[in-house]
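*Asks:* Here is how the chains run, residue by residue.
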Amino acid sequence: MSDTPKKPSLSMEASRRSFLMGGTALAATLFAPKFLRAADYPTAAVNTTGLAVTDTDVTVGILHSVTGTMAISETGSVQAEKLAIEQINAQGGVLGRQIKFIQEDGASDWPTFAEKAKKLLVNDKVASVMGCWTSASRKAVLPVFEQYNGFLYYPTFYEGLEESPNVIYTGQEATQQIIAGIDWVTQTKGAKSFYLLGSDYIWPRTSNKIARKHIEKLGLKVVGEEYYPLGHTQFNSVINKIRLSKPDVIYAIVVGGSNVAFYKQLKAAGIDMTKEKPLLLTISVTEDEIRGIGGENIVGAYACMKYFQSLDNPNNVEFVKEFKKMWGDDMVIGDVTQAAYLGPWLWKAAVEKAGSFDVDKVREASPGIELTTAPEGYVKVHENHHLWSKTRVGHAKADGQYEVVFETAELVEPDPFPEGYQ
Amino acid sequence: MNARPDFLLTVENLTVSFDGFKAVNGLSFYVEPNECRVIIGPNGAGKTTVLDLICGRTRATDGKVEFKGQDLLKMREDQIVHAGVGRKFQTPTVYEDLTVFENLEISYPKGHGVFGALMFRRDDPVKERIHEIASVVFLDDLLDMKAAFLSHGQKQWLEIGMLLIQDPELLMLDEPVAGMSVAERKQTAELLNRIIQDRSVIVIEHDMKFVEDIATRVTVLHQGKVLSEGSMAHVQADPKVIEVYLGH
Amino acid sequence: MFADYTMGELGAIFAMQGFAGLILFSVFVLMALGLAIIFGQMGVINMAHGEFMILGAYVTYITSNLFADYLPSLFSIYFFIAMILAFFVTAALGMLVEWSLIRHLYKRPLDTLLATWGLSLILQQIYRSVFGAREVGVTIPDWMMGSLPLTDLIEVPINGIFVMVLAISISVAVYFMMYRSSWGKQVRAVTQNRVMAGAVGINTERTDRLTFGIGCGVAGVAGSAFTMIGSTGPTAGQLYIVDTFLVVVFGGAASLLGTIASAFSISQAQSIMEFFLSGSMAKVLTLLTVVGILMLRPQGLFALKLRK
Amino acid sequence: MFAKDNKLFSTGDIVGFVVLAVLIFIVLPAGLDTFRLNLFGKYLTYAFVAIGLVLCWGAGGILSLGQGVFFGLGGYCMAMFLKLEASTPEATKIQSTPGIPDFMDWNQITALPMWWEPFNSLTFSLIAVVLVPVIFAFIIGVAMFRRRVGGVYFAIITQAIAAIMTILIIGQQGYTGGVNGITDLRTLLGWDIRTDEAKVILYFVNAVLLFVCLFVAQFIRKSKLGRILIAMRDQEDRVRFSGYDVANFKIFVFCAGAAFAAIGGAMFTLQVGFMSPSFVGIVPSIEMVIFCAVGGRLSILGAVYGALLVNLAKTTFSEMFPELWLLGLGALFIAVVLAFPNGLAGLYKDYVEPRLMALFKKKADDGGGRNFDSIKAPAE
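Chains as they are written, first to last, in my numbering: chain A, 1 to 422; chain B, 423 to 670; chain C, 671 to 978; chain D, 979 to 1358.
Pulled out of the complex, with its shape left as it was, chain A reads as follows (with noise of 0.2 angstroms):
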C-alpha cells in the first residue's frame, strides 16, 4: 500500500520536536522503517495466554456498528483501522506478524456489542479490538474486556468519567475538547455570555455541565441550556430563545439527524454566522457530518476537535492521500476517523515495547507509548490510558473543510475524572 510506510518509534522524545518544527520532511523519511522478524520472537514466548497469535499472524478484531443509525458515523472508524492494519501489514507487520482481523457488527444495538465483544475474545481470541462508537456500546462491552482481559482502543471523543485498564481512549475525553475552545473564544472572540444546547443524553449534558463549571470559573455567563431528544428535527423555538438570550456564543453539541436539521433551520431563521453574532461554537460537529449538513449551511461555525482535515503537516497529507486513494476520493476524514487510525498503530508500539502480545504486559507497556507519525502530530499514552493531544480550533468553510485557526501550544492532559468540574 504504502511505499513509505510510517513507523511509530519507541524513544524520540528528543527528535520529536524538530520534526514538528521542520514539518516539511516526510515523517517516514527521518526513520528507515526497522523489520522486526517473528522468527526473533518465538510464537510461545509471545503469547503466553492463548491468543490468536501464530509464527506467521496476530488476529486482532474490529467491532463497530455496519448496519443501523450508528453506521453513518461508524463507517470512518472501520476505513481507517483497516487503513492503519494495511499499513501496518506492508512494513512487516507486529513483531513480524501479518495482523489479520475479524470484523464484526453491533448494529447499533448494545446487547449485540457485548455479545460480538465476548465473541471476538472468548471465540477468536483475538490480541486486541479496535472498535466501539457510542458511549453505551462502549459501556455495553466494558464488563466483557475487564471479564476476559480483552484489550480495546475506543476512537471517539466522550465525556470522561471512566478509565479502564482494559481500554485505551484515542479520542479526547470531554476537558480536552472543552476548556481550550472556550478559553480560545473568550480571549480571542471576547466572548462573555453562552447558550449551551445538546442532544439529550450523556455526553452533551457532561461536556455542557464541564463548560457550565469552566464558563463560571471565568466570570462568565451562561444564560441558557436546553437539550432535545436525539432525533429531534424542530428547532425554530430554541432559535428564538436564542434570540431572546442574545447570547455571543452558541455552544451546540447537538448530534445525529438533529444536526442537520439545526444547522439548516439556524441559517433559514436569518442567523448568519459568518458574522459571528452570535458566534457558533460546536464539538460535535466533524467533516463527516459536514456532509450531510451541507457545507453551505454550516460555513463560519467554529469546531473544537484535536484533528481536522485540513490540518498542515506531512503526516497528515500523507494520510489524506492513502485514506482517499483507499476509500475513494470523496472520503473526508473526521476527528475520529482519525483517532480509530491511531489505534492498531498504538498497539503495534505497545506490544513492540512490550516484546509481548500478552495483555497483561501490553498494557504494562502502554503508558508513555508515542506516536510521532499522528496525523494530528505528536500524542503519547497517559497512564490514565487517554492521550494528551492538541486541542484545535476549526473555522467551517463553504466546501465542508475547515480552516485550522488555533491550536494549543502544549498537548493537552487528558483528564478524565476532573477534579472542580463534577
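Treat the hints as calculated values from the structure; they're not laboratory data. Do not take every clue at face value.
To be verified - Taking lysine-lysine and the PhoX-like style, the derived pairs with C-alpha atoms no more than 25 angstroms apart in a straight line are: (1) Lys-568/B with Lys-985/D; (2) Lys-568/B with Lys-1200/D; (3) Lys-325/A with Lys-275/A; (4) Lys-189/A with Lys-397/A; (5) Lys-321/A with Lys-82/A; (6) Lys-549/B with Lys-496/B; (7) Lys-1292/D with Lys-125/A; (8) Lys-1071/D with Lys-213/A.
Claimed, not checked - Not the full set, but computed from the structure, chain A residues with beta-carbon under 10 angstroms of chain D: (9) Thr-67; (10) Ala-114; (11) Lys-139; (12) Leu-142; (13) Glu-159.
Every residue, glycine too, gets a C-beta built ideally from N, C-alpha and C.
Given chain A's structure and the hints, the job is docking chains B, C and D onto it.
*Replies:* Just chains B, C and D now, with coordinates in the frame of chain A:
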C-alpha cells in the same frame, strides 16, 4: 305518566340523536311481566336502535329506561344482562371459532368475573344444563361442531340458546326468523312459542303471520316515535299505520 | 425571563415564536396528509410512511445533483421539478406496494402494520445500499435558504414560508380530490362499503391502488420539502412515524379537517411548551397530553357519531 | 364425546411441551458452549414477551406495540437492585459521593433518591419486577379498555407510550442512567453473575421460569377465560351481552402479558449484565411482536420457537451478510403476514401434525385403538 311498579320495563321519553339526527325521538312504552311485545315499523323507524338503547349498546341522549326499578341507562351492558335482560342480534352473532358446547358454556351464568372465569370448572350441573338447552334449540347432536360450520338457521338457534341458558326475565329478539328456510321458520316459531312462556319478550319482526301468532301487544314505530300501540287487530285497523306501513 | 427586554423585542420574539408554531404546524400537516389518506380513508396502517417520505427526499437529492451537473443555469428552480418527480416516483412505488402487498390485507388492518414494517426495513436497506449509510446533503437553492426581514427585529425564514404555502396548497388539493371530485366519492364509497361499491360498478381495485399511490405521493412531496429543514438518510424516516400517526389518530382518523385541526393543536402546544420548558420535557408533555386526550376521547377530535 | 372434560393438556400439547423441554433443558445445554448458551438464554427472555403477546394479541386481539416498556420496567427494577449492590462505598470510592451508582455521581446527585431506596432489598426488587409493570399496565388498561379504545388505536397509543418512556428514561439520566442504561452489574447477593458457571445456572433459572410462564399461559388459555378471550376477539358485543365486563378481561390479559414481559426483562438484565432504554422503545417493541408472529400468534409454544429462531437468524445472518440481513428480516415479516398468518405453529399444524398423526394412528390402530384429538382447522 309515572312508572307503575307492576311494569317490568318502563321506557319514557327516550331520545337519541346521531349528529343531530334523532333516530329515536321521545319514545315511551311499557312492558308488563309475561307480555310478548312485538315492535314493527318500516325500515329506519328506529326499531333496532330502541333495543340497542335498552340493552346499553347505544347511549341515550335523553329519557328514562327502567327495568324492575333499576335505571338501565346508568348501567353497563354486562350489568344489564345480569339484571335479567337478554338480547339477540339481527344477524346471528356466535363465536365461530368455538364449538357449540363452548358457545353455550360461555353464556352459562356462572364465572363471569375474571377470576371466576379462570377458575370455572366444567362440572356436571353445567354439562347437564348445556345439554338441556341444546336440545331445546335442536343442536343436541352438534355440540362438538365449530359454530362456523353451522347453517344460518342453526346459528340463530344457537344464539337463542345462548340467551336461554341465562334465563332472562326480559328477552329481546331482533328478527329471529329472518333468513330462515320455511322448515326452519316453522321450527323457530314453535321454539319461540315455547320459550316466551314465563318471561317477557320484545320481538322485532316483519313476518305478520308470525307476529299475529305470538304478540300480546304490538307497537308500531315510525321515524323514531310510537305511531300506534295495542293488539294486532287494533294496529291493523289504525289508519295511520295503514298509511305508513301496511299500506305500502 | 423577560425583564430585560423592551416591549418591541418581546413582541418580535412572540411573533417569531408564533411563526415557528405555524411552521411546525405545516410540517405536521405535510407529514400527516398522506397518512390521513392511507390510514384515515383506507384503514391501512402504513409503518413505511416515513420511508416513502425519505424516498421523496432522495429523489430531490438526485434531481439537485442532475441539475448541478447538467443544467446549472436552472438550478434555482430545480426544487419544483424535484417535488413533482418526488410525487410521481413515490406514488408509483406506492401503487406497486399496494398491488403486491396491501391489497391482500384489507381485511386485516393490524397485519398491514407488520407487513409495512417489514417493507420499511427493506426500503431502509435499499437506501443504504444505493446511497450509502451516511446522510446525504441536499443543496438547496440559495434563495430558499435565507430569511425575510419583516421589521428590524422580526425575521421570517423563507423555507418556513415555502413549507407553509406547500402545506396549504396540498391540503386544498387533497380536500378537492376527496370531497369535491367523483374520484373522491368513489374512494369514500369503497372505504365505507367495499362490496357495495364494487356492486354499483366502481372499480375498487383501481380506486384502492390510486388512493394508496396518491397518499404515498403526498408523503413523497412532504419528504422532498423536508430536505430544506431536516436530514436525508436511510433511517431518517423513522423519526417521523410516531408524530405522524398521533396527528392522524388525534384528529379522528377519517376526517381531513380533523387531521388539520389536530396538527394545529399539537404543533401549537409543542411550540409553546418548547419555549417555556426544555425541549425533551416539552416533547414528553405534548405526547402525554395527546395520549391522555385520546384515552378520554378515543375517536379523536373530529369523528362522526355513527349509528351502529 | 361432548361431555369430555376440558383437559389442561391435550395429547398434542403434551408432546409439544415435552419436545420443547427436551430442547431447552437437554439439547441446548449439552450441545452449546457457555457463550452460545448464554446467547440462547438471552433469546429465551424475549420468548416471555412473545408468550404474553400470544395471550394479548393472538387470543385477545389486543395488539400492543409497547411490550418493550414492560420488558424494560422489569429489567430496570432488577438492574436497580444489582446496581445498588455493585455501588458499595468501597467500589465507588473515587466518586465525589461514594455509595451511590456511578451515573448519579456524574450527574451531581449527592444522595440516593428516595424511590431508589427500597431497591436495596432483593425481596422488594423481585416483587417490583412484576408489580411495577403490572400496575403500569393496569393503569393503561383501565384508561383504554374502559373507554373502549381497541384495535389500531390501542396499537398506536401503546407505541406512543413506548416513545414517551424512552425519552423520559434518556432525559432523566441522573436517575436512570440515561441512554447508556444501568451498566456494570456484578453480583447478586454476593454471587458473581458474570462467571461462566453463573451464566449456566442463570440459563436454567430462566428456562424454569419460562416453563412456569408457559404453564400459566396454558392454564389461562384452557380455562373458560381463554375461550372468552377468543370469543371477545371475534364478537366483542356478543360477549358483552352474555354478561361479561369485557374491559376487565382485556385488562387482565394485558396485565398478564406485562407480567410475562417483565419477568423476561429481569432475566435479561441478569444474563446480559445491563439494561438500557434501547429495549424499551418502538423498534424493539415491534420486533417482539414479530417473534410472536413468526412463531404463530395463536400458539404459546410457537412463540418460544419464534423468539429463538428470529434471534438466532439475526445473530447468524447479520454476522455473515450484514447487508442482506435487513432485507431478509423485512421479507420475513411480509412473508409471515401474507403467506403464513399462523406462523411456524400454523405450518406445523397444517403440514407436520397431520402426517405425524397419520403415522401414530397407523401404529395405534395396529396396537388397538388409541384415539387422538381431532385436528383443529387454522383460525384464519
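*Asks:* Determine for every hint whether it applies to the structure shown.
*Replies:* Status of each hint after checking the structure:
1. Our distance criterion of 25 angstroms between C-alpha atoms is met by Lys-568/B and Lys-985/D, whose separation comes to about 18 angstroms.
2. As the CA atoms of Lys-568/B and Lys-1200/D are separated by approximately 16 angstroms, the hinted pair is consistent with the 25 angstroms bound.
3. Using a Cα cut-off of 25 angstroms, the hinted pair Lys-325/A and Lys-275/A is violated, with the two alpha carbons roughly 37 angstroms apart.
4. Distance check on the hinted pair: Lys-189/A and Lys-397/A sit about 18 angstroms apart at the alpha-carbon level, within 25 angstroms; holds.
5. Pair hint Lys-321/A plus Lys-82/A holds up; C-alpha atoms about 15 angstroms apart against a cutoff of 25 angstroms.
6. Proposed proximity of Lys-549/B and Lys-496/B is contradicted: the alpha carbons are some 35 angstroms apart, above 25 angstroms.
7. For the hint pairing Lys-1292/D with Lys-125/A, the CA-to-CA distance comes to about 23 angstroms; that is within 25 angstroms, so the pair holds.
8. Taking the CA atoms of Lys-1071/D and Lys-213/A, the gap is near 23 angstroms; set against the 25 angstroms cutoff, the hint holds.
9. Taking 10 angstroms as the C-beta cut-off, the interface hint given for Thr-67/A holds, the closest approach to chain D being about 5 angstroms.
10. Given hint, Ala-114/A at the interface with chain D, holds; its Cβ is 7 angstroms from that chain's nearest Cβ, closer than 10 angstroms.
11. Because the closest C-beta pair between Lys-139/A and chain D is about 4 angstroms apart, less than 10 angstroms, the hint holds.
12. With a cut of 10 angstroms, the hint placing Leu-142/A at the interface with chain D holds, because the nearest CB-to-CB distance is about 7 angstroms.
13. The interface hint given for Glu-159/A holds, since its Cβ lies 8 angstroms from the closest Cβ of chain D, which is under the 10 angstroms cut-off.
Hints 3 and 6 from the earlier list are contradicted by this structure; the remaining hints agree with it.
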